[in-house]
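2 protein chains.
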Amino acid sequence: MNVETALQRLKEKGFKRTKQRERILEIFVKQDQYIAAKEILKEIQNDFPGVSYDTIYRNLYMLTDVDILEATELGGEKHFRLGCDTHGHHHHFICTTCGKTKSIEFCPMDSINENLHGYDVENHKFEIYGKCPQCH
Amino acid sequence: MNVETALQRLKEKGFKRTKQRERILEIFVKQDQYIAAKEILKEIQNDFPGVSYDTIYRNLYMLTDVDILEATELGGEKHFRLGCDTHGHHHHFICTTCGKTKSIEFCPMDSINENLHGYDVENHKFEIYGKCPQCH
DNA sequence: TCTCGAAATAATAATCATTACGAATTAAAT
DNA sequence: ATTTAATTCGTAATGATTATTATTTCGAGA
Numbered sequence: 001m002n003v004e005t006a007l008q009r010l011k012e013k014g015f016k017r018t019k020q021r022e023r024i025l026e027i028f029v030k031q032d033q034y035i036a037a038k039e040i041l042k043e044i045q046n047d048f049p050g051v052s053y054d055t056i057y058r059n060l061y062m063l064t065d066v067d068i069l070e071a072t073e074l075g076g077e078k079h080f081r082l083g084c085d086t087h088g089h090h091h092h093f094i095c096t097t098c099g100k101t102k103s104i105e106f107c108p109m110d111s112i113n114e115n116l117h118g119y120d121v122e123n124h125k126f127e128i129y130g131k132c133p134q135c136h
Numbered sequence: 001m002n003v004e005t006a007l008q009r010l011k012e013k014g015f016k017r018t019k020q021r022e023r024i025l026e027i028f029v030k031q032d033q034y035i036a037a038k039e040i041l042k043e044i045q046n047d048f049p050g051v052s053y054d055t056i057y058r059n060l061y062m063l064t065d066v067d068i069l070e071a072t073e074l075g076g077e078k079h080f081r082l083g084c085d086t087h088g089h090h091h092h093f094i095c096t097t098c099g100k101t102k103s104i105e106f107c108p109m110d111s112i113n114e115n116l117h118g119y120d121v122e123n124h125k126f127e128i129y130g131k132c133p134q135c136h
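For the record, the sequence lines run as chains A and B. Residue 32 in full-length UniProt numbering is what sits at position 32 of the first sequence, and the numbering runs on without skipping anything. Residue 46 in full-length UniProt numbering is what sits at position 46 of the second sequence, and the numbering runs on without skipping anything.
Hints are supplied without guarantee of correctness; some may be wrong.
Pairs involving identical chains hold if they fit within one copy or between any two copies, as the list cannot separate such chains.
The calculated lysine-lysine pairs, modelled on DSSO-like cross-linking and capped at a C-alpha distance of 30 Å, are [to be verified]: (1) Lys125 <-> Lys38; (2) Lys125 <-> Lys19; (3) Lys131 <-> Lys19; (4) Lys78 <-> Lys16; (5) Lys30 <-> Lys13; (6) Lys78 <-> Lys42; (7) Lys125 <-> Lys102; (8) Lys42 <-> Lys131; (9) Lys16 <-> Lys131.
Derived by calculation from the structure, the hints in this document are not laboratory data.
Let's have the full structure, built from the sequences with the hints guiding it.
This is the structure we're talking about:
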């Protein structure tokens, strides 16, 4: 996923193209890892000193809604990363030091054989935490 | 796990027995589900009008440290429940409406065969979200 | 039972992430 | 170029959590 593809998808959905959005997308395209809202704010303030959290969060949630980003909660903060729909649904190993991730293709929902009759499954989360080779 | 057993374990670890702790433990023993800090505060204020968040959080974290409680993050709030060490390590189905949980004995770490060589696994999270039969 | 020191609590303030809102600006359709 | 709704800015409010300090309480030992 590159910036232009993402902006194209936004256009289809009726969202406007703004400099701030371009910049947000650039950051995610450049870094393949979960990033906290405040990091995004800090980055963007280099180019747009006036951006507010309102802009950051509104866009992050909107981008998550249209499946360009995916979100998770790390240490009480929401983190976002580019959704890698290239290789479909998957999970992550997340480094507790640097935040970098490694994709895990295995999905536990495929192998689960618990009796969930009567339960309406909406979602699931499977994440492995630890140290990546660089931080070990 | 009952209140007395828990207090016994605290004593062994050198923690004192206080009315507030007894009350906190009672709440968890009575309700077999994840509870938010503010719910605990509300409950306890019936008996101890003056309790502060400080007391709540200090005790919840302490009880989690000694493995009496276990914690998870739901919708930006930390939730706690009595650790059910009766049937060992397991995961949960969590109802997104009422918060009640159903234990899942299946653990994905047992069946995973991804190459995690060089990665130091510290922890993992597997949770299924949805509607329980009562809320369906 | 009484005393004392450590641990725990109460009351309050501070911090941090997130959300909200009115006014001003801007993209893009006509 | 004009219009209009979407978007942003600037700032303030909210809500969960953490920190601080003075006071109280627990419980071990005299």
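Results for each hint:
1. Lys125 <-> Lys38: This pair counts as both: shortest intra-copy Cα distance 24 Å, inter-copy 25 Å.
2. Lys125 <-> Lys19: neither (33 Å within a copy, 37 Å between copies)
3. Lys131 <-> Lys19: Classified as neither: same-chain Cα gap 36 Å, cross-chain 41 Å, threshold 30 Å.
4. Lys78 <-> Lys16: within (25 Å within a copy, 36 Å between copies)
5. Lys30 <-> Lys13: within (24 Å within a copy, 49 Å between copies)
6. Lys78 <-> Lys42: The answer is both: 15 Å in one copy and 27 Å across copies each meet 30 Å.
7. Lys125 <-> Lys102: both (15 Å within a copy, 15 Å between copies)
8. Lys42 <-> Lys131: Within one copy only: 26 Å inside a chain, 39 Å across chains, cut-off 30 Å.
9. Lys16 <-> Lys131: neither (40 Å within a copy, 36 Å between copies)
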